[in-house]
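Chains as they are written, first to last, in this note's numbering: chain L, 1 to 479; chain R, 1 to 479.
Calculated from the structure, these hints are not laboratory results.
Small disclaimer: the values here were computed from a predicted structure and weren't measured.
Don't take every hint at face value.
Calculated Cβ distances over 10 Å to all of chain L for the following chain R residues [stated by the list, open to error]:
hint	residue
1	HIS27
2	CYS28
3	GLY73
4	ARG261
5	PHE265
6	TYR269
7	PRO322
8	SER356
9	GLU372
Between beta-carbon pairs, the in silico distance windows are [as the list claims (entries may be wrong)]:
hint	chain 1	residue 1	chain 2	residue 2	range
10	L	PRO11	R	ASN289	49 to 55 Å
11	R	PRO321	L	TYR288	34 to 40 Å
12	L	GLU323	R	HIS121	55 to 61 Å
13	L	TYR288	R	ALA32	54 to 60 Å
14	R	VAL350	L	SER178	23 to 29 Å
15	R	VAL350	L	TYR288	52 to 58 Å
16	L	GLU18	R	ASN289	52 to 58 Å
17	R	ASN60	L	ASP420	55 to 61 Å
18	R	PRO321	L	PRO478	34 to 40 Å
19	R	GLN367	L	TYR288	49 to 55 Å
20	R	ALA32	L	PRO478	47 to 53 Å
21	L	MET25	R	ALA32	14 to 20 Å
22	L	PRO478	R	THR310	52 to 58 Å
23	L	GLU323	R	GLU229	54 to 60 Å
Heads up, the beta-carbon is just placed ideally off N, CA and C, and yes, glycines get one too.
Here is how the chains run, residue by residue.
Protein chains: 2
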Amino acid sequence: KSIPSDEQYHPKNTLDAEVCTSKYMQHCYWNATRKPPPPQFLQALREYEALHQRCVGNHNLTELFVAGKVPEGCKYLVWKEQDGKGNQIMSLVSAFIYSLLTKRTLLTMPSLGHVDGSLHHLLCEPFPGSSWKLPPDFPLDAMLQQTDVQWDYFHKVDNLTKNGSESYLDASSTISPSRLYITLSNYNVPDHEDRRFFCPAEQTLLSRIPWLVLKSNNYIAAGFYFLPEYRQALNQLFPDRAMFLHAGRYLLNPRNDIWGRITRFYDGYLLNADKKIGIQVRSWKPEYNPILSEHILRCATLNNILPNVTQEDTAPPTKTPPERVTVLMTGLVAQYHHDVREKYLRNANVRGDSISVLSPSSEGVQQTGDVEHDKKALADMWLLSFMDDLVSSPKSTFGYVAHGLAGITPYVFVRWGFEDYTQYNGCERSNLAGPCYIDTPHGQECPLDPPGTRIGDPNAAVPEIQHCRNQWGVGVFPG
Amino acid sequence: KSIPSDEQYHPKNTLDAEVCTSKYMQHCYWNATRKPPPPQFLQALREYEALHQRCVGNHNLTELFVAGKVPEGCKYLVWKEQDGKGNQIMSLVSAFIYSLLTKRTLLTMPSLGHVDGSLHHLLCEPFPGSSWKLPPDFPLDAMLQQTDVQWDYFHKVDNLTKNGSESYLDASSTISPSRLYITLSNYNVPDHEDRRFFCPAEQTLLSRIPWLVLKSNNYIAAGFYFLPEYRQALNQLFPDRAMFLHAGRYLLNPRNDIWGRITRFYDGYLLNADKKIGIQVRSWKPEYNPILSEHILRCATLNNILPNVTQEDTAPPTKTPPERVTVLMTGLVAQYHHDVREKYLRNANVRGDSISVLSPSSEGVQQTGDVEHDKKALADMWLLSFMDDLVSSPKSTFGYVAHGLAGITPYVFVRWGFEDYTQYNGCERSNLAGPCYIDTPHGQECPLDPPGTRIGDPNAAVPEIQHCRNQWGVGVFPG
Ligand SMILES: Nc1nc2c(ncn2[C@@H]2O[C@H](COP(=O)(O)OP(=O)(O)O)[C@@H](O)[C@H]2O)c(=O)[nH]1
Ligand SMILES: Nc1nc2c(ncn2[C@@H]2O[C@H](COP(=O)(O)OP(=O)(O)O)[C@@H](O)[C@H]2O)c(=O)[nH]1
């Protein structure tokens, strides 16, 4: 399949095409429904790439960071990984969107000890001509010990403006730091003060700080829509609202060895299917629970994703040729895949379909940091994203990456892991194609903004944001 | 695919075709190389079927057996199962061949308690119009307690002829029993006296006994060639020497539920392959041993069964379209299949083939007697037999069934399970397509025959029989 070059995310680059095949071949694998990159986003990418090249250049980033300095016209955002690969991707994509919105240069830093399994090692360099990797000896952790977290700084500004004599802008001018550490995670901060990040005044404060460091496990990008300025910019960049899809297809290209795994699996096991269904089974418990298999089958058959089986020994008259349905099941525990496979091997089905159930890996337990394990995780997400339809586990950022990249509104299991799941059809179509921002702010107060300013809850003024159906959090509504 | 009806093993029978699809569809699945049933064998089958129908008829077999009586012109062979499904099939096919040679009626008796998993329950009734199943209350075990084993009887004849006054034929006429229990197994009998079964005089003695009961775990049929009379008959029945293939394709047809499993797996997972390789991994130890995976890969790559992998990240220029090679790996332990699959997912290969590695089951441990387990075993053997080429574990009757049905001379692992396997290319083409008779007689004396009569070792006079290459035992040489 060839694709007009103005529909590629990446500028034509023969050398890079060898180093990173996925950038230039990804479009051969997605379901045919065209989701072309918006021209405004492509233009923003080209501008960002120029900025990145200029602000990385030959600068000694370590020296600049330690000194709290920046070259003329440059500001930086250092991204720090947290939790599993799905969580990492949530925050990495969010960091990139934030960089686009705030004209910061995105730099990545692996966890010490996990360098090889780090995302920035597993993914291709996204930006032509200059790297996004900080050097391994970049003194990030050492410096962070002397660096304020966002709410410490916000409190300082609060204190200076408490008597009302000074505006927060004036007050902050004397205490604005050169580095600030932003954490926005699923872990509780008292009064959720980390989420003041989403207040307009706080964004103005942050915009003045040369070096920001972001640590998050969340898809905070959805929250950017709550800020009027960003909302306007996002609507220009992504008129189709497919923010994660476009940013992900641009940013998350796996390196050639992982791409090889992905395409070898696809070509060897999935190529000849007439219909490809992905089922992502996230079981947070490592023990096999037969109820989950029943739940999966209930969802698949009651929603006509897969046919019911017949109870007789003899096969019903089959279509000739039968429709070939391939089910790609990912998950840590192999038994769920075995159960579904066995169901359709033991019995014929009422549609006379030829059904194959495959699993690209079965790792048993999460081993984030183990290179081969992490490669498989990335490969599995991409493979899922090539399916024609998806069934996902709720609350799993792993699944979010898959349907986010695919641009598919997935079925999501309802009452997953609860015994009363039989009260429902097992799963329900989600309302959103992208990830949910799980730990989204709710009625978060913004004390530095005009009185009454609250952010975080979906409302009529921000129709782009909706609660995720059956899941805690908000996401971008495709409209 | 339609096939001329004179090349079907079974007489056209619309009702039976519904009850037992495999009889009339098996030819659609084997590798194209035609191995048509020899006309002499087909004629013998039709004669046998008539005999079976006549001698089963409305007779009360239980009463006849207890009384040691038979209807005019009838003699019976009762087959008793022993060990795993492969072992059982070895002796069942042998019993059927013996029935053909000796004009006995073959009847089958399940182990008590294992009725549902019994072969005679998993296989279709082979003989049109009358059953081969003995009633569940047939008092086989009770009667066997009062029944001589073959060497007990042979000793009695020995004793009567010891002083030389009487011929063994005269001597036996007074003591010839109405029932005799024949055991011929891998378990040691002192001086291997069970194997006197293969002596010509003993065969004459046995021919006079109305009811024989056979318990064996072995492919004793290969030994029938040692008996001049049988040898001549076998060469007429099977001019192509494919005794197991023809008898097996006639006799071993799985019932519709198992046939459904087989064809669903084939159609869903194997249909689109350009080349289908079967690898049967029999590991007698339940613990995973990584050396076996290396052994399998050594065999496959050094014998050009599968390509070597490349060491670079980038794939070599692939053929367009690449050759689709599907590897069907059977075995109790899933890890060997995972290892081989992972090898070809992680790396590209030098031939640019698209390689998929599949396993139809992973049962962990042998559970003979468990119905679903036994169904899978039978299904796996048949699936293997549909491959274009086979790699087998040595000494495994499970593998013998697969390549015997296929008529494929398999690669067999050399030094399987031994650390010094690396001295060899991992495996070697066998010299035989059918099973080995593992516990074959060696220089067995025949005291009732003319002095010097010994049977069992391959020799110039019996060119049909050869030692199995790299395996203990003898088999039928295709010539
Ligand atoms: N290969 C693979 N790994 C998985 C799968 N499910 C979970 N994991 C592992 O467990 C981690 C889960 O963390 P994360 O990706 O953040 O997703 P989440 O915990 O579901 O939100 C993954 O990154 C993998 O390391 C799967 O289906 N396939
Ligand atoms: N389904 C399945 N079962 C197997 C396999 N290998 C061994 N088994 C089980 O273990 C038994 C082995 O006994 P048998 O068939 O007599 O073969 P042998 O022991 O290899 O000579 C089989 O009948 C099955 O119950 C396999 O590849 N697939």
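A cut-off of 10 Å on Cβ-Cβ distance, and GLU372 of chain R was said to be off the interface with chain L. Does that hold?
Given that some Cβ of chain L is not farther than 10 Å from that of GLU372 of chain R, nearest at about 8 Å, it is violated.
Nearest-CB test (10 Å) between chain L and SER356 of chain R:
SER356 of chain R not clear of chain L: closest Cβ-Cβ about 4 Å, inside 10 Å.
Least C-beta distance between TYR269 of chain R and chain L, which was stated to exceed 10 Å
violated (5 Å)
Indicate whether the distance between the beta carbons of VAL350 of chain R and TYR288 of chain L respects the range 52 to 58 Å.
With Cβ atoms ~39 Å apart, the hint is violated.
For ARG261 of chain R, is the shortest beta carbon distance to chain L beyond 10 Å?
violated (5 Å)
Check on CYS28 of chain R being off the interface with chain L, judged by Cβ distance over 10 Å:
CYS28 of chain R clear of chain L: closest Cβ-Cβ about 13 Å, beyond 10 Å.
Range hint 49 to 55 Å (beta carbons of PRO11 of chain L and ASN289 of chain R) holds or violated
Holds - the Cβ-Cβ distance for PRO11 of chain L and ASN289 of chain R, about 51 Å, lies within 49 to 55 Å.
Can we trust that HIS27 of chain R is non-interface, i.e. its beta-carbon lies farther than 10 Å from all of chain L?
holds (18 Å)
Within 54 to 60 Å: is that where the Cβ-Cβ distance between TYR288 of chain L and ALA32 of chain R falls?
violated (42 Å)
Lying within 34 to 40 Å: is that true of the beta-carbon distance PRO321 of chain R to TYR288 of chain L?
holds (39 Å)
Looking at PHE265 of chain R again, its CB stays over 10 Å from all of chain L?
PHE265 of chain R is in fact no farther than 10 Å from some Cβ atom of chain L, at 6 Å.
Note whether the CB distance of PRO478 of chain L and THR310 of chain R lies within 52 to 58 Å or breaks it.
With Cβ atoms ~42 Å apart, the hint is violated.
The structure does not agree with the numbered hints 4, 5, 6, 7, 8, 9, 12, 13, 14, 15, 16, 19, 21 and 22 stated previously, though it agrees with the rest.
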